[in-house]
Amino acid sequence: MSSPMDRLQTLDNIEKDIATVLQSAGHALSELSKDKPANKQVEGHVNQFRQTLTNVETELAKQINYLTQVSTGQAHEGSSYNSQKTLQMAMHRLDHARTRVNELDTIKTKYIQLLQQHQLQKQQQGMQQQQPSSQS
Numbered sequence: 180m181s182s183p184m185d186r187l188q189t190l191d192n193i194e195k196d197i198a199t200v201l202q203s204a205g206h207a208l209s210e211l212s213k214d215k216p217a218n219k220q221v222e223g224h225v226n227q228f229r230q231t232l233t234n235v236e237t238e239l240a241k242q243i244n245y246l247t248q249v250s251t252g253q254a255h256e257g258s259s260y261n262s263q264k265t266l267q268m269a270m271h272r273l274d275h276a277r278t279r280v281n282e283l284d285t286i287k288t289k290y291i292q293l294l295q296q297h298q299l300q301k302q303q304q305g306m307q308q309q310q311p312s313s314q315s
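Each residue of the sequence shown is one higher than the one before, starting from 180 at the first, in my numbering.
Treat the hints as calculated values from the structure; they're not laboratory data.
A quick note: this is a predicted structure, and the numbers were derived from the prediction, not measured.
No residue lacks a Cβ here, since even glycine has one placed at the ideal position from N, Cα and C.
Please note: incorrect hints may appear among the correct ones.
What the hints assert, rightly or not - Within a straight-line C-alpha distance of at most 25 Å, the following computed DSS-like cross-link-like pairs (lysine-lysine) qualify:
1) K289 / K301
2) K195 / K241
3) K287 / K301
4) K264 / K241
What the hints assert, rightly or not - Quick list of the computed label-pair ranges, beta carbon to beta carbon:
5) T285 / E238: 53 to 63 Å
6) T285 / M306: 26 to 36 Å
7) I197 / H275: 34 to 44 Å
8) Q263 / E236: 26 to 36 Å
9) L211 / M270: 49 to 59 Å
10) E238 / P216: 24 to 34 Å
11) S262 / S181: 16 to 26 Å
12) K264 / T233: 25 to 35 Å
13) Q300 / S262: 52 to 62 Å
14) S182 / T237: 18 to 28 Å
15) G205 / Q242: 21 to 31 Å
16) Y245 / M270: 24 to 34 Å
The task is simple: from the sequences and hints, build the whole structure.
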């Protein structure tokens, strides 16, 4: 398998090829815009454009294929993506659990307050009922 530096070098080469593709297209269009374009030069630029573009497509497909293999979580030599993904998911679950526990704590606190208010109201009602009977 290629090292990360090799992969970066490959991507750099692809970028240079893309620049070459654009230059070839520009040269071909420039030649075609002349009053008397040279067919051989146009064909040469178009052929270079096609060859380089095919190379760019092939190399990009290889890079995309590599990235899909790495991102599926399959074991990959030298890749820490799967471990990072597992850690991020665990942290996300932990954050969610914390949020849910905080929500449940808030609900519990409100319930306790309501229960205390209800008990206080019962005590006050009981005291009000006892007051008239003690005055009689």
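Results of checking the hints against the structure:
For the suggested pair K289 and K301, the alpha carbons sit about 18 Å apart, so the restraint of at most 25 Å is met. Taking the CA atoms of K195 and K241, the gap is about 17 Å. The hint holds against a cut of 25 Å. Restraint check for K287 and K301: satisfied, since their Cα atoms lie roughly 21 Å apart, inside the 25 Å limit. For the hint linking K264 to K241, the alpha-carbon distance of about 23 Å falls within 25 Å, and the restraint holds.
Between T285 and E238 the beta carbon distance is about 55 Å. The supplied range of 53 to 63 Å therefore holds. Taken as a hint, the range 26 to 36 Å holds for the pair T285 and M306, whose Cβ atoms sit roughly 32 Å apart. The given range of 34 to 44 Å is respected by I197 and H275, whose C-beta atoms sit roughly 42 Å from each other. Distance hint check for Q263 and E236: the Cβ-Cβ separation is about 30 Å, which falls inside the suggested range of 26 to 36 Å.
About 57 Å separates the C-beta atoms of L211 and M270, a value consistent with the hinted range of 49 to 59 Å. Checked against the hint of 24 to 34 Å, the pair E238 and P216 passes, with Cβ atoms roughly 31 Å apart. Under the hint 16 to 26 Å, the C-beta atoms of S262 and S181, about 20 Å apart, fit the expected range. For K264 paired with T233, a C-beta distance near 34 Å keeps the hint of 25 to 35 Å intact.
A C-beta distance of roughly 57 Å is found between Q300 and S262, which places it inside the suggested range of 52 to 62 Å. At roughly 21 Å, the beta carbons of S182 and T237 sit within the given window of 18 to 28 Å. For the pair G205 and Q242, the supplied restraint of 21 to 31 Å holds, since their beta-carbon distance comes to about 25 Å. Distance hint check for Y245 and M270: the Cβ-Cβ separation is about 26 Å, which falls inside the suggested range of 24 to 34 Å.
Figure legend: structure checked against the earlier numbered hints; every hint is met.
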